[in-house]
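Chemist: Let chain E serve as the given structure and place chain F with the ligands on it in line with the hints.
Okay, here's what each chain looks like letter by letter:
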Amino acid sequence: MFKGAFSIWGRDMRVMRRSIVSELVSVIAYPLTLYLAFGFGLKGYITDVNGVPYPLFIAPGLISMTAVNAAFDESSWSMWFHRKVQRTIEEYRVTPVTVYDIVIGKIFSGFSQGAVKGTVVFLVILALTPFRIDYTHLPVYLLCIALSSMTFSCLGTICGTVIDKPENIGRVQSVVIVPLIFMAGIFFPLSSYPSSILPLIQLLPTTAVFEGARDALLTGAIPSQYLVNLLLTAAACFTIAVYTFNRKMAE
Amino acid sequence: MNFAITLHDITKSYDGFTAVDAFSLQVQRGTVFGLLGPNGAGKTTLIKILTTLMRPTLGDAFVEGHSVLTAGKEVRRVIGVVPQENNLDRYLTARENLALHARLHGMRPAAYNPRIDQLLEMTGLAGRQHDFPDTFSGGMQRRLVVARALVHEPRVLFLDEPTTGLDPQSRRSLWDHIRGLRRTMTVFLTTHYMDEADALCDRIMIMDHGTCLADGTAAQLKDAFSRAHTYQVEFRNDADRYQEVLAGLPFVKGVERDGSLFQITLADEESIKPLMDHLSGSDIRRICLKEPTLEDVFISLTGEKVRE
Ligand SMILES: Nc1ncnc2c1ncn2[C@@H]1O[C@H](COP(=O)(O)OP(=O)(O)OP(=O)(O)O)[C@@H](O)[C@H]1O
Ligand SMILES: [Mg+2]
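Protein chains in written order, with UniProt numbering: chain E, 1 to 251; chain F, 1 to 308.
In isolation and in its complexed conformation, chain E is listed as follows (with noise of 0.2 Å):
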């Protein structure tokens, strides 16, 4: 069952492994710079929120997002790629792997793109900050963090699914992830909006996914509501992905 989808991620982390030191330097780049400008650059401005230095504040949301990004963006170029440019998709499917294991493989892809891409910068960020996390905090955090990925894994592949031009990937991405990611409170703390629409905010995804990663990391506990919008997200995204790319595959 799923050996199919396991030689198709065999094979994607084949190809991340050849990659993946000179893919580093940009993969940090970014959520270092977010770090070191908003975490320095603030900290004589901002101390702390609700009693947490500013740094560690943001530190597990730029983890977070860190992994999110790269799982989005694996599933929704890859499956793109593999289905518009190289069309090895079309050489998996004259196989006896059924579509199924195609999908699976796929999001299992991004979900470990998301994984060891957040790792790095979290062993990075460790590196630089003077704070210390509790390690009894990391598997909570961790599981945050792999439901999140496996969310946006499915996401990406939906995208990679349905967009046939690669711009709109892009437009996606920018009007639809980005300002997700950044309404849901990486930089700062959500009780900075009006309580009027506090509680639509709450129900995003994305602020279970980085509200969530940082009460794991800080009190080692994901809030239930949280916990309950990122179980059910996931599987809501994981059953559409699976879906549309079956239903993209029968046209």
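To be clear, the hints were calculated from the coordinates, so they are not data collected in a lab. A couple of the hints might just be wrong.
To be verified - Label-pair restraints from in silico Cβ distances:
#	chain 1	residue 1	chain 2	residue 2	range
1	F	ARG108	E	VAL15	21 to 31 Å
2	F	GLY127	E	SER22	21 to 31 Å
3	E	TYR135	F	TYR14	56 to 66 Å
4	F	THR70	E	THR239	35 to 45 Å
5	E	ARG247	F	HIS8	18 to 28 Å
6	E	PHE6	F	PHE132	15 to 25 Å
7	F	HIS130	E	SER22	14 to 24 Å
8	F	GLU85	E	SER191	54 to 64 Å
9	F	PRO114	E	VAL25	40 to 50 Å
10	F	THR57	E	PHE188	51 to 61 Å
11	E	LEU231	F	PRO114	39 to 49 Å
12	E	THR33	F	PRO168	56 to 66 Å
Said to hold, decoys possible - Here are the simulated lysine-lysine pairs, DSBU-like style, with alpha carbons at most 35 Å apart:
#	chain 1	residue 1	chain 2	residue 2
13	E	LYS165	E	LYS43
14	E	LYS3	E	LYS248
15	E	LYS3	E	LYS165
16	E	LYS84	E	LYS165
17	E	LYS165	F	LYS253
18	E	LYS84	F	LYS73
19	F	LYS273	F	LYS290
20	E	LYS248	E	LYS84
21	E	LYS248	F	LYS73
22	F	LYS73	E	LYS3
23	F	LYS273	F	LYS253
24	F	LYS290	F	LYS222
Yeah, the Cβ is synthetic: ideal placement off N, Cα and C, and Gly gets one too.
Modeler: Frame of chain E, contents of chain F with the ligands only:
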């Protein structure tokens, strides 16, 4: 059951446009079947339906007894596919491309490694097996795609224009491979090259606009169309006068002239006698019956106009 491929009234429409129209066909096991047709005839569409990449709008097809509609996975287990356009993975080496294909077919390294060695040897790619396909020439890439389609020893091999873009040497060497496969598997290929169909195929079908126009061995097709009775006549002198004479004869259906060389198409076989009555033997340098080529058959069936 002796048929490797059976199509029952396969129809495929793209938003109202019918690319394949109630197509029926049975291909004998262990033979090489060639599908010929101009651009847009529906060849690739048929191959996509038979390889389960596309569902027919109507009808059903069977490959080695498995329905493409209800037993796609079983169909895919027994087929090898060389698509019209190479779809190699440019991030994997030649060998890795073959190995991934083998794994997708559920093969284990102990089974696929020797097989891959053998195929790389056969296609002359053994020396380049650790290189990436985008460093290969078009012919090498094509051979790699063919090798990939053979890794799992399919029983039916689909080749969509296998030799398009290859030089004469590569074409011939690919033909040799395909001939070598005959009998051990069924080969279904499409081509635009008449010499290729002539050289390779046990049976040829010419199609256009999604329907079959002619079907048979190369010899049968040429025979059926030798009714065209075209003669080549070369005149020693008086060519201009003869052009007028020929134009006035009722049983001459067509005249093409190139200097003193004429191509004369007659209405039927009996017309050769009255034709000779109108030509004076001393003015003729040479006269011969023009054997129809497969290309003549093809052009006469599908017309001379280029498709838009
Ligand atoms: N996805 C599609 N959507 C709409 N029309 C299509 C699609 N694919 C093919 N067609 C049309 O179906 C017809 C048959 O196409 P097909 O690719 O089967 O031709 P072909 O015989 O393989 O031609 P060629 O020799 O150029 O490869 C063409 O008129 C083509 O325009
Ligand atoms: Mg074609």
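Chemist: Provide an ascending list of the numbers of those earlier hints which the structure does not satisfy.
Modeler: 4, 13, 17
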